[in-house]
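Enquirer: Residues per chain are reported as follows:
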Amino acid sequence: MEQFLQNRIIIIAGHYGSGKTNIAVNLAVALAKAGKKVCVTDLDIVNPYFRSADNAPELNALGVRTIVPEFANSNVDLPTLPKEYYSIFSTDEYSIVDVGGDADGATVLAVDCDKYEQCGYSMYYVYNCYRPMTKDPNDAYLLLKHIEAKSRLSFCGIINNSNIGAETTAKAVRASLPFAEQVSRLSGLPIVATTALKSLAVEGAFPIENKTKQLF
Amino acid sequence: MAEKLLMKGNEAIAEAAIRSGCRFFFGYPITPQTEISEYMAKNMPKVNGLCLQAESEVAAINMVLGASAAGARVLTSSSSPGVSLKSEGISYLVGSDLPCVIVNVQRGGPGLGGIQPAQSDYNQATKGLGHGDQHIIVLAPASVQEMATLTGEAFDLADIYRTPVMLLADGALGQMMEPVDFEEKPHREIPPKDWACTGHGGKRKPNIINSLYIEPNDLERTVVERYKRYALIEEKEVKYEEFLTDDAEIVVVAYGITARIVKTAVKAARAKGIKAGLFRPITLYPFPSKQLDAIADREHVKAFLSVEMNMGQMVNDIKVAINCKKHVSHFGRTGGVIPTPDEILENIEKVGGAN
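These protein sequences, in sequence, are chains A and B.
Residue numbering for the first sequence follows our numbering, starting at 1 and increasing by one per position.
Residue numbering for the second sequence follows our numbering, starting at 1001 and increasing by one per position.
Be aware that one or more of the hints could be misleading.
Once the Cα atoms are required to be at most 20 angstroms apart in a straight line, the calculated EDC-like pairs of lysine to aspartate or glutamate come out as [unchecked claim]:
hint : chain 1 : residue 1 : chain 2 : residue 2
1    : A       : K171      : B       : E1003
2    : B       : K1228     : B       : D1097
3    : A       : K115      : A       : E93
4    : A       : K213      : B       : D1342
5    : A       : K213      : B       : E1088
6    : B       : K1319     : B       : E1225
7    : B       : K1275     : B       : E1241
8    : B       : K1275     : B       : E1242
9    : A       : K211      : A       : E58
10   : B       : K1275     : B       : D1246
11   : B       : K1302     : B       : D1247
12   : A       : K171      : B       : D1181
13   : B       : K1004     : A       : D139
14   : B       : K1046     : A       : D136
15   : A       : K135      : B       : D1181
16   : A       : K135      : B       : E1242
17   : B       : K1042     : A       : D136
18   : B       : K1004     : A       : E167
19   : A       : K198      : A       : E209
20   : B       : K1046     : A       : D139
21   : B       : K1042     : A       : D104
22   : B       : K1275     : B       : E1349
23   : B       : K1004     : A       : D136
24   : B       : K1042     : A       : E209
25   : A       : K150      : B       : E1038
26   : B       : K1302     : B       : E1346
27   : B       : K1275     : B       : D1297
28   : A       : K135      : B       : E1038
29   : B       : K1185     : B       : E1003
30   : B       : K1272     : B       : D1297
31   : B       : K1228     : B       : D1156
32   : B       : K1239     : B       : E1189
33   : B       : K1325     : B       : E1299
34   : A       : K135      : B       : D1247
35   : B       : K1127     : B       : E1235
What the hints contain is simulated information worked out from the structure, not anything from laboratory work.
Model the full assembly from the supplied sequences, consistent with the hints where possible.
Expert: Next up, the structure:
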């Protein structure tokens, strides 16, 4: 976890469906349990389904402050920023920013790129080699550069979150390493963590839980 | 690369369509199905296909008619309010005997409704999608895998029976992510499209695609012929799944995402000693009436419970299917609210107690 504590502001970005929200929520839980002051901002103004606002009750119970768009999970599909958003630039919390998918989702960061530069930030690229549009490391790398261009911010590392949902095995996680390493080579960015469900007990992996809203 | 991919339901439909030979997509964005358009915009050019964002749903469905008339495999997708806009064009497609696949990733209604998942277009899809004497085949996937498999099947059914086929999904299925395997679908014999308007080159009589008939007798003849095809569809193409129905006293009937939630509730009921089972129609038209009737004939079956994300649209189809020989009730949530396994269990218990 120490590798994530270089800067107070932690931005989680990447392809849609790569697992950004799950990483953001897991990281928040881990930091909170380590006694840190934590805040999670749901900055997904692109897709109204499956978002960190779903996890607000669990996070709040752990003392994590959550900032969610006013209309999250309602029938209003409005791209508005939560009004408390700007507090992340003036607090002493670890502020995790859960961004919407792809470059479209990361565009919202650009307007405040100067604030991020002033405060210092670490932006991580979440990668899943089992997603069809990024299974080719070249495509994943192009998306990474596209997100940087649109957000006017730079990534500092890659989180390899490769998984096939409920059918993920330790073998599948290990099989993803060459793909993540190729993205790392192309971008010159380090792989700061490879995630795996705790239950898979993959050696050296950053253990996570599935925090996605379950319907059944 | 690994065989399985992790996909959203919407993406799985788009990818399966491309793999089924669909090279034309016409649509208009609407939550919660927009990933289909997005995926097509990115991937159709890679296979020399066309993805076109039309100026409206009405334009899109008429572009579908044109592409289909020229013999192409063609897809359009929308969500509830957008499907209503397409309904005139769908009736024209039926009247012209044109195959195509139409996706409805349902959201709450009526009117503009909401953007959360619903199943409240069941009646529209199975009974009211366009004017005139008509049916279209309606398939109800319940997983991301089925979004893919049934998309392939939809294209085959459309071509075999020369009819529009609807994939009736919902916002939850469209947005949720599950592993998908694009395995080879069982091969089906597809008749040649010798009716298509592809240019006769002076070598044959021109083909004419049309839904207007000057003589009532001619129109009647085409409708009656079409109903013979519907009879064939009803005989041959019914699909359904049964889960723990062999000894069930309470048979829960549910389709789509709701069937997944019911499965959890049925397991919980069994754990409490209640003999519950799930009957899941996969084809909503043709409806598995005979199969339900056979279940109703079993002595140990006490009652049916229909569970949907609407106010009770399938419940009468069940009553008709079993000729009211057993009690049928409904439980549902609507307006974009998804029922929980606990709520369904409570209703299974209620039905059990009442009978």
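Enquirer: Would the hint linking K1046/B and D139/A be met if the CA-CA limit is 20 angstroms?
Expert: holds (14 angstroms)
Enquirer: Can the restraint linking K1185/B and E1003/B be considered satisfied, given a maximum Cα separation of 20 angstroms?
Expert: Measuring from Cα to Cα gives roughly 15 angstroms; hence the hint holds.
Enquirer: Please verify whether K1275/B and E1242/B have alpha carbons no more than 20 angstroms apart.
Expert: holds (14 angstroms)
Enquirer: Hinted pair, alpha-carbon criterion (20 angstroms max): K135/A, E1242/B. Please report holds or violated.
Expert: Distance of about 36 angstroms is beyond 20 angstroms: violated.
Enquirer: Within 20 angstroms, alpha carbon to alpha carbon, are K1272/B and D1297/B?
Expert: violated (25 angstroms)
Enquirer: Would the pair K1004/B and D136/A pass a check requiring their Cα atoms to be no farther apart than 20 angstroms?
Expert: With Cα atoms ~14 angstroms apart, K1004/B and D136/A stay inside 20 angstroms; holds.
Enquirer: If you draw a straight line from the CA of K211/A to the CA of E58/A, is it 20 angstroms or shorter?
Expert: holds (10 angstroms)
Enquirer: Run the distance test for K1275/B versus D1297/B: straight-line Cα separation, threshold 20 angstroms.
Expert: Holds, at roughly 17 angstroms.
Enquirer: For the pair we were handed, K1042/B and D136/A, check the Cα-Cα distance against 20 angstroms.
Expert: holds (15 angstroms)
Enquirer: Has the given pair, K135/A with D1247/B, been kept, meaning a C-alpha gap of at most 20 angstroms?
Expert: Answer violated: K135/A to D1247/B is near 46 angstroms, above 20 angstroms.
Enquirer: Just to be careful, I want the Cα atoms of K150/A and E1038/B compared with a cutoff of 20 angstroms; is the pair within it?
Expert: holds (18 angstroms)
Enquirer: Please verify whether K198/A and E209/A have alpha carbons no more than 20 angstroms apart.
Expert: holds (6 angstroms)
Of the hints listed earlier, those the structure fails to meet are numbers 5, 6, 16, 24, 30, 34, in rising order.
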